[in-house]
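Q: One line per chain: the protein sequences are A and B, in this order. Taking my numbering, I'd label the letters of the first sequence as residues 2 to 237. Taking my numbering, I'd label the letters of the second sequence as residues 12 to 231.
There's no promise every hint is true.
[To be verified] Chain A regions said to be covered by chain B (calculated; three or more residues, Cβ under 8 Å):
#1 47-53
#2 66-75
#3 140-152
#4 170-177
[Said to hold, decoys possible] In silico SDA-like cross-links for lysine to any residue, where the CA-CA straight-line distance does not exceed 25 Å:
#5 A/K229 x B/K131
#6 B/K58 x A/F231
#7 B/K158 x A/I232
#8 B/K131 x A/P110
#9 A/K23 x B/I60
#10 A/K226 x B/E33
#11 A/K51 x B/R105
[What the hints assert, rightly or not] Stretch by stretch, here's where chain A covers chain B in the computed footprint (C-beta under 8 Å, at least three residues):
#12 45-51
#13 173-183
By construction, these hints were calculated from the structure, which means they are not laboratory data. Glycine included, each C-beta is placed from N, C-alpha and C at the ideal position.
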Amino acid sequence: MAEKFNRPDGRELTELRETKAKVGVVPNADGSAMFQQGKTIAIAAVYGPKKMHPQHQQDPRTGQLRCEYNMLSFSVSDRIRPGRNRRAMEISEITKWALEPVLMLDKYPGQVVDVHINIIQADAGTRCAGINAAAMALAHAGIPMKEMVSSISIGKLDKTMVVDLTKEEEDYHEGEGPTDIPISMTPSGKVTHMQLDGKIGVKQLQEAVDMAKVACQNILEIQKKALKDFIEGDKK
Amino acid sequence: MDRKVVIPGEIIIDGDEYLPGENTEKKEGKIYSLRYGLAEEQNNLIKVIPLSGVYSPRRGNIVIGKVENVTANGWLIDIGYADSAFLSLMEVPRFVNKDAMEEVLDIDDMVLAKIWSINKRGIDLSLKSRGLGKIEDGIIFEVNPNKVPRIIGKEGSMIKLIKDNTGCDVTVGQNGFVLIKGETISSELYAKRAVLFVAENSYVSGLTEAVDKWFKENKE
Numbered sequence: 002m003a004e005k006f007n008r009p010d011g012r013e014l015t016e017l018r019e020t021k022a023k024v025g026v027v028p029n030a031d032g033s034a035m036f037q038q039g040k041t042i043a044i045a046a047v048y049g050p051k052k053m054h055p056q057h058q059q060d061p062r063t064g065q066l067r068c069e070y071n072m073l074s075f076s077v078s079d080r081i082r083p084g085r086n087r088r089a090m091e092i093s094e095i096t097k098w099a100l101e102p103v104l105m106l107d108k109y110p111g112q113v114v115d116v117h118i119n120i121i122q123a124d125a126g127t128r129c130a131g132i133n134a135a136a137m138a139l140a141h142a143g144i145p146m147k148e149m150v151s152s153i154s155i156g157k158l159d160k161t162m163v164v165d166l167t168k169e170e171e172d173y174h175e176g177e178g179p180t181d182i183p184i185s186m187t188p189s190g191k192v193t194h195m196q197l198d199g200k201i202g203v204k205q206l207q208e209a210v211d212m213a214k215v216a217c218q219n220i221l222e223i224q225k226k227a228l229k230d231f232i233e234g235d236k237k
Numbered sequence: 012m013d014r015k016v017v018i019p020g021e022i023i024i025d026g027d028e029y030l031p032g033e034n035t036e037k038k039e040g041k042i043y044s045l046r047y048g049l050a051e052e053q054n055n056l057i058k059v060i061p062l063s064g065v066y067s068p069r070r071g072n073i074v075i076g077k078v079e080n081v082t083a084n085g086w087l088i089d090i091g092y093a094d095s096a097f098l099s100l101m102e103v104p105r106f107v108n109k110d111a112m113e114e115v116l117d118i119d120d121m122v123l124a125k126i127w128s129i130n131k132r133g134i135d136l137s138l139k140s141r142g143l144g145k146i147e148d149g150i151i152f153e154v155n156p157n158k159v160p161r162i163i164g165k166e167g168s169m170i171k172l173i174k175d176n177t178g179c180d181v182t183v184g185q186n187g188f189v190l191i192k193g194e195t196i197s198s199e200l201y202a203k204r205a206v207l208f209v210a211e212n213s214y215v216s217g218l219t220e221a222v223d224k225w226f227k228e229n230k231e
């Protein structure tokens, strides 16, 4: 085995960035949450269940989920053009797929739940932070769910597997280069979303899923604490 | 079991003797929560009381709604829920001339009604109870429907306190609409401020005393 791999910010290989979560950050929304992972900050607001408009999209059998992911123009150091783009549309759809399996929307036929995710500061792992915030916001909005969803990005830098990549690590350029694998999981270990950007072998991919399982468990504890503090903190 | 805050997917209690109630499910002898809220036990029945989210109508709820449309055999009422509610002509305890239904309730009129049934096709309202009907005067405003129980208080104690201190009649719809009727507009606005104080401080323990103090500090 080669010498120990050193991460640019001095973290252990399986260590998360400093993580914060808060519920009820958007008073106008039916449910909302903030999730921060290091310098990445996501805010999710949930509206509904409400009547689906346009009417032709109504499904009389079940309720539907709509997600909208958006990066604010000042979230990165080079201003990005605001509004929908190819990447935002893809991540919106991915977020919907990651959350849909746990929601029990069959109780709301013809209705829709809108989730708006805004990234106010980006330092890699924004889709994961967005999914984490959205899962908390959906719970806060009182949507029936079988389980929570937690999300984390696992990376492979050259040959070393690490948890929770930063932008600096994502741009790693030595050896085999960087591989980014965002994974979303439920506490029971079901994978609701997995993407892969780069190259990886089957063995190491299995390793990535195992690392994600541990990391998602840690993130779930943070989500749980934020949700509980919102009510219990109120009582004090 | 003590009341506790639970999140979706959390195991509330483990044991075959317990039964799953509202917002819970039983899997392999364990009771899981399906919603974020307060879990409580009553005679081995476990249920989760939601503390946030949109209004969910229940049978028997008294609600305040706005007439959306007048149809051939009734009225469509917006009660702050995704589906609008239907008030049938048959559920109005007075003679209604079918050619002049607007005279009873016109579009944009506010109405105090009771939910008498909820089924797949929608929500049905009724006016067949004392005090229900078209709202003629007073002011109406909206609060978070999850705070309605605190505004009413234990056996109506909070409402009574507000009524005694302001001299206004306060009616709270379960859907979060509050109707205040008083002698003068200034007394109505005073009562409104009191209700909003309760809604904002709904988490304070000993809320009744806090409201009492508020009345002493804030005069009309």
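Q: Work down the list of hints and note, for each, if the structure agrees.
A: Going down the list of hints, with the structure as the test:
1. 47-53: Answer holds; 4 residues pass the 8 Å Cβ test.
2. 66-75: Per the Cβ count (0), the hint is violated.
3. 140-152: The restraint on the stretch 140-152 of chain A holds, since 10 of its residues have a Cβ under 8 Å from chain B and three suffice.
4. 170-177: violated (count 0)
5. A/K229 x B/K131: 34 Å, violated
6. B/K58 x A/F231: Cα-Cα ~20 Å, so holds.
7. B/K158 x A/I232: 13 Å, holds
8. B/K131 x A/P110: Holds, at roughly 9 Å.
9. A/K23 x B/I60: Cα-Cα ~21 Å, so holds.
10. A/K226 x B/E33: The hint holds at about 23 Å.
11. A/K51 x B/R105: 34 Å, violated
12. 45-51: holds (count 5)
13. 173-183: With 0 residues in contact (Cβ-Cβ under 8 Å with chain A), the coverage given for the stretch 173-183 of chain B is violated.
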